[in-house]
Structure formats: C-alpha cells, structure tokens
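S.K.: As numbered in this note's numbering, residues 56 to 680 make up the sequence shown, in order.
Hints listed in this document are in silico derivations from the structure and should not be mistaken for laboratory results.
Bear in mind that the values here come from a model prediction, so they are computed numbers and not experimental data.
For each residue, glycine too, the CB sits at the ideal point set by N, CA and C.
Possibly wrong hints are sitting among the right ones.
Unchecked claim - For each label pair, taking beta carbons as the anchor points, the in silico distance ranges come out as:
hint, residue 1, residue 2, range
1, Phe569, Arg669, 14 to 24 Å
2, Asp110, Asp252, 17 to 27 Å
3, Arg620, Asp438, 42 to 52 Å
4, Glu540, Arg620, 12 to 22 Å
5, Arg227, Gly675, 30 to 40 Å
6, Leu528, Asp434, 30 to 40 Å
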Amino acid sequence: MRLTVAQATIRFLANQYSERDGQRHRLIAGCFGIFGHGNVAGLGQALRQAELDGDPGMTYYQCRNEQAMVHTAVAYARMTARMSTFACTTSIGPGATNLVTGAALATVNRLPVLLLPGDIFATRVASPVLQELEDSRSYDVSVNDTLRPVSRFWDRINRPEQLPAALLAAMRVLTDPAETGAVTLAMPQDVQAEAYDWPDELFTERTWHVPRPVPEPAALARAAQALRGARRPLIVAGGGVTYSDANDELASFARRTGIPVAETQAGRGALPHDHPCAVGPIGVTGSTAANALAAEADVVLGIGTRYSDFTTASRSLFAEPSVRFVNLNVAAFDAAKLGAVSVVADAREGLRALDAALPRWQVSEERRKLAVTLTRRWDDAVDEARRPGPGPLTQSQLIGAVNDAARPADVVVCAAGSMPGDLHKLWRPASPRQYHVEYGYSCMGYEIAGGLGVKLAQPDAEVFVLVGDGSYLMMAQELVTAVAEGLKLVVVLVDNRGYASIGALSEQVGGARFGTVYRYRDPASGRFDGQPLPVDLAANAASLGADVLTADTLDEVRAALVKARAAATTTVVHVRTELGGPGSPANDAWWDVPVAAVSTTPDGPPARQRYVERKATQRGHWSGL
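Using the sequences and the hints, build the whole thing.
M.R.: Written as structure tokens, this is what we have:
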C-alpha cells in the first residue's frame, strides 16, 4: 500500500485498540492539532484525507494552544482509566516546545498521551529552516530533544522504514500501566510527506491487551505477614485504585478488615464519602482524622500511590518510630518506596489476593471506633466551613455549593493554586471519577483544557471546572474549543485578584505576599501596592464565546449553578471572593519549603525558626521490614 509516512501513521493509529477484562476501546480516540509548516503538508494532509474519505477512526479537533491540547488528552486518558487517549500534532519550533509542560504532566501522573511534533528536515537540504534551533555541537539536535526527559518513549523518524517499529513501541508503552506516560514520535517535515510501499498487515486491527499482573506468592506472603502483625494499620489509596477499577475490591477489603482508608489527591473518591472506613484526604491538604491515624500507624498499606511530599507531609506525617510500609503497585519503582515490602501487581488483583490471604484478620473494635470518631469531628469542621455566614463569600462555601449541585455522575475539575487543597479537604465524592484534580504536576492552566477532555470522555456528565484567576489568565483559550465543538462546560471562575495559594505560602516563609497581588506599581514606592488592576475576566470569558453569569453571594452562586446546569452551552460563573480570606479547616500538616537562613525582614527569622523546628520531624523510612 503506497502512502506517505503521515498517511501511514494516521491509518495505523485508527486501527489500534486496547482491551482489559473483555472490554475493547479505541486506543487513539482522535487527534488534536495546530498546524504550521512542520506538519500541515504531512499530518495535516493525512488527517484531511481521512476526513474526506469518511474514515471515522481518527477525528481531528482544532485546539488553540499546544500545551492545552496535551492537558485535554491527559484528562481524557484519566477518565477512561488509561484505556484510551489522543494524539497531538504540532509544527516545529514553538509549537513543539509548547508540548513540554503537558508531556511532563502526563508522565508525572502516569497517564498516556501520544505526541507527534513536526521536526526539521531529515535531509538538511535547506538548513537552517524557519524556527530551527541550530546547535554547533551537532546537526542532529532539534528542539524536540527537549521532550526526551519528559517522555516515557521518544524516537525520531528519519526514514520511512523506521516507522513501523517506532509505532509498535509507542503503542506498547501507552498500554503498559507501569510504564505509561507521554510518548513522542518526532516527525521531520520532509519525511512526513515521503511516500513508501507499506505492508498491508501494518494496517490491520491490532488489540493491545492491558495486563493485570498478579502478586508473586512470596511477596504476597510477606505483605500478609506484615499486616497480621499490625495493631494500628492504615490504607493510603492513590490514583492506581481507580485506574485499575479496584474501587469495589477496596471497599470490600476495608469493610471486612476495618482498616481505615485515607486518600491522596489522585485517589480521592477511591471510596465514597459515606463508607464506614473512609477517613478522608491525607497529608498537607488532608483531614485531621486521616493525619491523626497516619501519625500513629504501625503499618501503612499504600495502594496505587507514589507517595508525593504532599501525601507524606514531606515525610513528617508517619511519626510512629516502628512504622513500616507495604506497597501494592503495578510499577516496581513506586512499590519499593519508603523501604516497603513490595507487592508488584495490579491493584484489583492484589487486593483480591490480600483479602484471600487474610481470611479472618481484622482490626480491633476500638480502632474502628476511633476512626469513626475522628472522621465525624472532621466532618463537623467541614460542615462549619461550608455553612453560610455573615461575612463575604468564602472559597469553602463556594466549594460546598458546587458539591451540592453536582450529581454522582458529574465531575469536578481543578489543578493548581489554593483550590485543589481546599477541594481535597472539603469535597465529598459520591463516585470514583467525580473528583478530577491534577496535582501531580500542579499545573496552572490545566483546568479548562482538562475539563474539555473530561467532557469528551463523559459527554453525558455535567463537568464543573473550578479555576482561579491566576490559572485562567494563563490558559483560558480552550473555552473557544469547547464552544466550537459544542462541548458544554460549567466554569466557576474564582476572582480574588491575586495568587491565593502562593500568597499564603509566602506569608508562612516570611515573604509577606510579595509579588502575589494584581495591582499597579505605585510610582512613589516603586512596589506593586497601588490600586487594583482593572481586569474584567467576565468580559474576557464572554469575548471567547461563553455565556457568563456573575455571583457575589452564596445564594447567587447557588442560583447561578442551577442556571448553568440547565444551559445548553458553555457557561462561566464569575465569582468574586476575598484574597486571604478565611481558609479551609486546619490540620497542622507540614510542607517542606526552605526558608531563608539569613533575613533582615521582620517576619523572616521567626519563619526560619519554625522551619528548623519542623525540619527536625522528617524521617527517612529506610529500615524496611
């Protein structure tokens, strides 16, 4: 079959499928793209030809920002439990380098996405071409090499003969639950347009079977032995629970054994809020219940978690001197962390095996009652934070209103800033995929693009995007894509005229909110402490094609959410809150952010002293079992 390299790539991708538990999915659901001279004549032509030929296998979506389209693909992959994703194509130069942040986010979060950036001429006949970065050390370097460290697989297709092996390798990594992340195939623009006679079998339907590795018997025995000896065990549930569809197994195992279950950001919703063993979020943005149980836990069973510093409170949370870890994870890299007993297995299969290995073992009734008591106290604190009050609208009240408006099948989307921390504490998930917060890379600008990916994956769900003004100003343009594609989002835009999260952190480390408010520079002082900037985010959202509702009080927010839910098009609910207003309930967990050892500012030395004191609580957890 004689096709160009680009045409062959598109035809191949349209015939790739994933399968797990007998359920088959299209592996590459479509292609996001922004065209330039590096891909318009190659992949652009191939996508247009597929569309004109009526090929439904590779729908093209026009996006507005290259980083954003990777976020959209990542969100889609997360909502499909990593069984399906999108390809993303760009031109060479800035289009390609704009992919780097999205690729890092995908790889950090262990989520698959296929990147197809254009590249400079393989023949080099016209070098340097427009947007080419010249490197005096080698003619074989292009800006696409920046994608190497953030990709799980990276290759450059310099000859048509190289394409089949590279495509097969790319699909292998995308469907490997332990290795998945961003996959990059750099496509020189001349090679994209080159013709070649391909074997017909390259384009036959191919199904990639996503494995469910079972625990190695000896490792399972070691894990069961450790748990049998535990008097104060705790489960830390990460995103791997939901990616493996192990939520029912976790619920059953926890209910039978009585082990309390705390949840990471990616693991939020692993159990429904009202499960008797659910003790809420853990870590820096966790509940007092989960953190108190973690502080005295003697055995911690981590399931599908990578133990970020927010989860472990920078390794100060698990304070019991004899604490030991058992890690169930499909990736050996994560299973071995914290000197743990490693059980390398699929979360669902591992939980089933552990349950069978501990047929009569349970925690004490006293331990169950303590977990319930602590959780009720935390729930009371959350109720108080969400309750209407006489003062200005707070972010906690706003989150409560959105939570009340969301149904179990709906999804809340968020990423960086103060909102994810408050959501982790305050949101009460009713289903495993209702809570969608990107906090592995904590990437500002993910929110609206991510919401688009969620809506593509679950078109019947109401998708509530919570975004602060800082993130909105970084990347709001995918509102245009949502409007163009008729993909309705409800965007709750929280406008407090500054960076709430980093401002609060600045105060904690002696920085007094320096550089975190939106104000004019005062001519007299030379500082950013003049009048507030006249930025109209509501008008901006309307100019991008969204319907806009404004709300300043809790009652107005609730009414606006009802209208937005009933609307047929993307609607932005613009809400003003106070910068530095009342926060979510405190939990005393610590995050290691170094404070200047020498400072002449009045708040610097006290902040340094507090830092030194908390630094002393960190532990290495090297001893193993």
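S.K.: If a hint holds in the structure, say so; if it does not, say that too.
M.R.: Status of the hints after comparison with the structure:
A hinted range of 14 to 24 Å for the beta carbons of Phe569 and Arg669 is consistent with their spacing of about 22 Å. Remark: the range hint 17 to 27 Å for Asp110 to Asp252 is upheld by a beta-carbon distance near 20 Å. For Arg620 paired with Asp438, a C-beta distance near 24 Å fails the hint of 42 to 52 Å. The hint said 12 to 22 Å for the Cβ distance between Glu540 and Arg620, and at roughly 19 Å that hint holds.
Under the hint 30 to 40 Å, the C-beta atoms of Arg227 and Gly675, about 36 Å apart, fit the expected range. Checking the proposed 30 to 40 Å range against Leu528 and Asp434 shows it holds: the Cβ atoms sit about 35 Å from each other.
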